[in-house]
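There are 2 protein chains.
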Amino acid sequence: MTTDIASAIAEAGGRIDGLMAELLPRRTDDVLSEIVWYHMESGGKRVRPALCLITCEALGGTPDEAVHFALAIEILHNMFLVHDDIEDGDTVRRDRPTVWVKYGIPHAINSGDYLLTKAQEIVLLSDVDAERKLKLLDAFSRTCRTTIEGQALDIHFRADERFTIETYLHLVRKKTGCYLACGLVGGAIVAHAEDAVIQALWRLGDNMGPAFQIRDDVIDLTLGKGRGGEIGCDIREGKASILYAHALEHGGRDDVNTLRHILLKSRDETSPDDVQWVIDLYERCGALDYASQRADELVQEAYGVIEELPLASKDFFKQLARFMAERKS
Amino acid sequence: MTTDIASAIAEAGGRIDGLMAELLPRRTDDVLSEIVWYHMESGGKRVRPALCLITCEALGGTPDEAVHFALAIEILHNMFLVHDDIEDGDTVRRDRPTVWVKYGIPHAINSGDYLLTKAQEIVLLSDVDAERKLKLLDAFSRTCRTTIEGQALDIHFRADERFTIETYLHLVRKKTGCYLACGLVGGAIVAHAEDAVIQALWRLGDNMGPAFQIRDDVIDLTLGKGRGGEIGCDIREGKASILYAHALEHGGRDDVNTLRHILLKSRDETSPDDVQWVIDLYERCGALDYASQRADELVQEAYGVIEELPLASKDFFKQLARFMAERKS
Numbered sequence: 001m002t003t004d005i006a007s008a009i010a011e012a013g014g015r016i017d018g019l020m021a022e023l024l025p026r027r028t029d030d031v032l033s034e035i036v037w038y039h040m041e042s043g044g045k046r047v048r049p050a051l052c053l054i055t056c057e058a059l060g061g062t063p064d065e066a067v068h069f070a071l072a073i074e075i076l077h078n079m080f081l082v083h084d085d086i087e088d089g090d091t092v093r094r095d096r097p098t099v100w101v102k103y104g105i106p107h108a109i110n111s112g113d114y115l116l117t118k119a120q121e122i123v124l125l126s127d128v129d130a131e132r133k134l135k136l137l138d139a140f141s142r143t144c145r146t147t148i149e150g151q152a153l154d155i156h157f158r159a160d161e162r163f164t165i166e167t168y169l170h171l172v173r174k175k176t177g178c179y180l181a182c183g184l185v186g187g188a189i190v191a192h193a194e195d196a197v198i199q200a201l202w203r204l205g206d207n208m209g210p211a212f213q214i215r216d217d218v219i220d221l222t223l224g225k226g227r228g229g230e231i232g233c234d235i236r237e238g239k240a241s242i243l244y245a246h247a248l249e250h251g252g253r254d255d256v257n258t259l260r261h262i263l264l265k266s267r268d269e270t271s272p273d274d275v276q277w278v279i280d281l282y283e284r285c286g287a288l289d290y291a292s293q294r295a296d297e298l299v300q301e302a303y304g305v306i307e308e309l310p311l312a313s314k315d316f317f318k319q320l321a322r323f324m325a326e327r328k329s
Numbered sequence: 001m002t003t004d005i006a007s008a009i010a011e012a013g014g015r016i017d018g019l020m021a022e023l024l025p026r027r028t029d030d031v032l033s034e035i036v037w038y039h040m041e042s043g044g045k046r047v048r049p050a051l052c053l054i055t056c057e058a059l060g061g062t063p064d065e066a067v068h069f070a071l072a073i074e075i076l077h078n079m080f081l082v083h084d085d086i087e088d089g090d091t092v093r094r095d096r097p098t099v100w101v102k103y104g105i106p107h108a109i110n111s112g113d114y115l116l117t118k119a120q121e122i123v124l125l126s127d128v129d130a131e132r133k134l135k136l137l138d139a140f141s142r143t144c145r146t147t148i149e150g151q152a153l154d155i156h157f158r159a160d161e162r163f164t165i166e167t168y169l170h171l172v173r174k175k176t177g178c179y180l181a182c183g184l185v186g187g188a189i190v191a192h193a194e195d196a197v198i199q200a201l202w203r204l205g206d207n208m209g210p211a212f213q214i215r216d217d218v219i220d221l222t223l224g225k226g227r228g229g230e231i232g233c234d235i236r237e238g239k240a241s242i243l244y245a246h247a248l249e250h251g252g253r254d255d256v257n258t259l260r261h262i263l264l265k266s267r268d269e270t271s272p273d274d275v276q277w278v279i280d281l282y283e284r285c286g287a288l289d290y291a292s293q294r295a296d297e298l299v300q301e302a303y304g305v306i307e308e309l310p311l312a313s314k315d316f317f318k319q320l321a322r323f324m325a326e327r328k329s
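Protein chains in written order, with the working numbering: chain L, 1 to 329; chain W, 1 to 329.
Please note that the accuracy of each hint is not assured.
Since copy identity is lost for identical chains, a pair holds within one copy or between any two.
To be verified - No farther apart than 27 Å at their CA atoms in a straight line, the calculated lysine-lysine pairs in the DSSO-like style are these:
1) K102 to K239
2) K135 to K265
3) K239 to K45
4) K102 to K314
5) K45 to K265
6) K265 to K102
7) K314 to K239
8) K135 to K102
9) K45 to K318
10) K135 to K239
11) K318 to K102
12) K265 to K239
13) K318 to K265
14) K239 to K318
15) K265 to K314
16) K45 to K102
Note that these hints are calculated values from the structure, not bench results. Nothing here was measured: the structure is a model prediction, and the numbers come from that model.
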């Protein structure tokens, strides 16, 4: 059944690209258009907008009415990537130089700003009545703001010794959970879903966001995140991952001191031996096992939220939860 | 009469601060709140929100209904300052270190993003019916997007030899005109003004934006912009000002080569002698006189737009135009 969801997502994702070409026109005489398309054409699986459209359909709505919101979510996602790459100092994304490397920091900041405001403008174009449009705008603005609050915590807690697993979960609910749920919520609003369903979908994000992010933290140490195949980007960035939180709580004092010392090094100063030392520590103190187990628990909790949903399509949402937790970044 | 407008602006500006404290709460345990308030408390004259409220009142509306929009404009203005300071490499704003200098570039980018999305959220809270709310959101999104398009041109054309006065006017209408008009437009929407009035107010921005920006370009060379009293910031930044455009068109080849050479230098490489050389060139080739004359013409054109306004309060808008053109940055 998960295969069905995967193909439904692939199909729905394709519907976004046409609208994107129309509403974000590609112009050769315009520096902003060039920069935006340099980033957008580099790929991305359009998973978030697809989740919006198939949720709308599963709840009996008309996906055509949700297509603007779906596109706005995809643009927002890309906006965050452009700004995060500057903030994290990432130089490669989807195997190409990141926007700030290619066009400089000023243009990269400004084109992220453009994508954010363009996304808001596209939500306003939604082909729905004023009441649902205002609800969509409300969900969208809340998502933007919450995600950015999460990013502030993420920057703040890099290599911070006071970081805990609770703080991690709070951070990730804000930074990842809200905007994972937002597409589902938008699809539900368009489908005239009742408030209880919408609230449950936000709660689903509170479980699925961390489940997804924890797997992403682990993938960074095992497969790499598709940034030139590099392993351990999060370690080079000093990122406050669940593995770091667990090691702080369970490592000995010497291990913790060495760990923080490595995470505080700049990206260029961090050697391959440093990265390997951290991975060994995470294995040694059980952080990797703990992370996998915690992700599984969060998916189970998500199933619990879905069980309480006042709707017929519970099976669909369970498959969706499984799909979201298992997919690669 | 201009004095009356100045005091009306001072009074209206004060009404914004209370709402800001409520909707942008100041928290001691939150890094984002600390950064935002570090910037917001540094001052600013609240001119843009005041223009919104007094326009609403002049057109027979209820200013209380416009107060959220007015606050959103002020927050947007500050968001642009935070990001522009990074993009321009400005280290001092209102005689204090800029946000990126104090908190680092990652937090500065992210807190600008926060202000942008918070401003959108505050427009959504406006105490008006759904129809006017959607119009307000539309005007606000259009303004954000247009201003950012202007900023892209500004970055793109720094020290560019193809820069012309026409390009300058196009750039400044986008970067400065639209969001100068936006407060007036928001006040008019709240006051149920007819579409012809709203369109005229946008056109007013097309004249007043350049008039205001040209005076700002001149002020930078005479009085400085309040960034530690420094003269010639625009020259250090290589900014594409009207003076630069005029000098490109009217200077000799050697002068133009030296001018571009100086503008292309980094801020630190630009000496006080370089700055003085450029000011002398601008005087010698008549750029300073031309700029003042062009600003006067734009104000006269604005009067023409106002004459066509289908409303009784034309005198009010003429005073407003004069006030906007004369005030210091």
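A quick look at each hint next to the structure:
1. Taking CA atoms no more than 27 Å apart as the test, K102 paired with K239 passes in both settings, with 24 Å inside one copy and 21 Å between copies.
2. When the C-alpha separation of K135 and K265 is checked against a cutoff of 27 Å, the pair qualifies neither within a copy, at 45 Å, nor between copies, at 50 Å.
3. Taking the closest pair of Cα atoms, K239 and K45 come within 27 Å of each other only inside a single copy of the chain (25 Å); across copies the shortest separation is 39 Å, beyond that limit.
4. In this assembly of identical chains, the alpha carbons of K102 and K314 never lie at most 27 Å apart, being 45 Å within a copy and 50 Å across copies at closest.
5. In this assembly of identical chains, K45 and K265 lie within 27 Å of each other by CA distance neither inside one copy nor across copies; the values are 33 Å within and 42 Å between.
6. Proximity of K265 to K102 under the C-alpha cut-off of 27 Å is found in both arrangements, the shortest distances being 25 Å within a copy and 20 Å between copies.
7. Proximity of K314 to K239 under the C-alpha cut-off of 27 Å is found in neither arrangement, the shortest distances being 36 Å within a copy and 58 Å between copies.
8. For the homomeric pair K135 and K102, neither the shortest alpha-carbon distance inside one copy (38 Å) nor that between copies (37 Å) is at most 27 Å.
9. With identical chains, the CA atoms of K45 and K318 are at most 27 Å apart within one copy only, with a shortest distance of 21 Å there and 53 Å across copies.
10. Taking the closest pair of Cα atoms, K135 and K239 never come within 27 Å of each other, the shortest separation being 34 Å inside a single copy and 42 Å across copies.
11. For a Cα distance limit of 27 Å, the shortest separation of K318 from K102 qualifies neither inside one copy, at 41 Å, nor across copies, at 46 Å.
12. Taking the shortest Cα distances, K265 and K239 sit within 27 Å of each other inside one copy (11 Å), while across copies they are farther apart (36 Å).
13. In this assembly of identical chains, the alpha carbons of K318 and K265 never lie at most 27 Å apart, being 42 Å within a copy and 59 Å across copies at closest.
14. For the homomeric pair K239 and K318, neither the shortest alpha-carbon distance inside one copy (30 Å) nor that between copies (55 Å) is at most 27 Å.
15. In this homomeric assembly, K265 and K314 never come within 27 Å of each other (Cα to Cα): the closest approach is 47 Å inside a single copy and 63 Å across copies.
16. In this homomeric assembly, K45 and K102 come within 27 Å of each other (Cα to Cα) only inside a single copy, at 22 Å, whereas the closest approach across copies is 38 Å.
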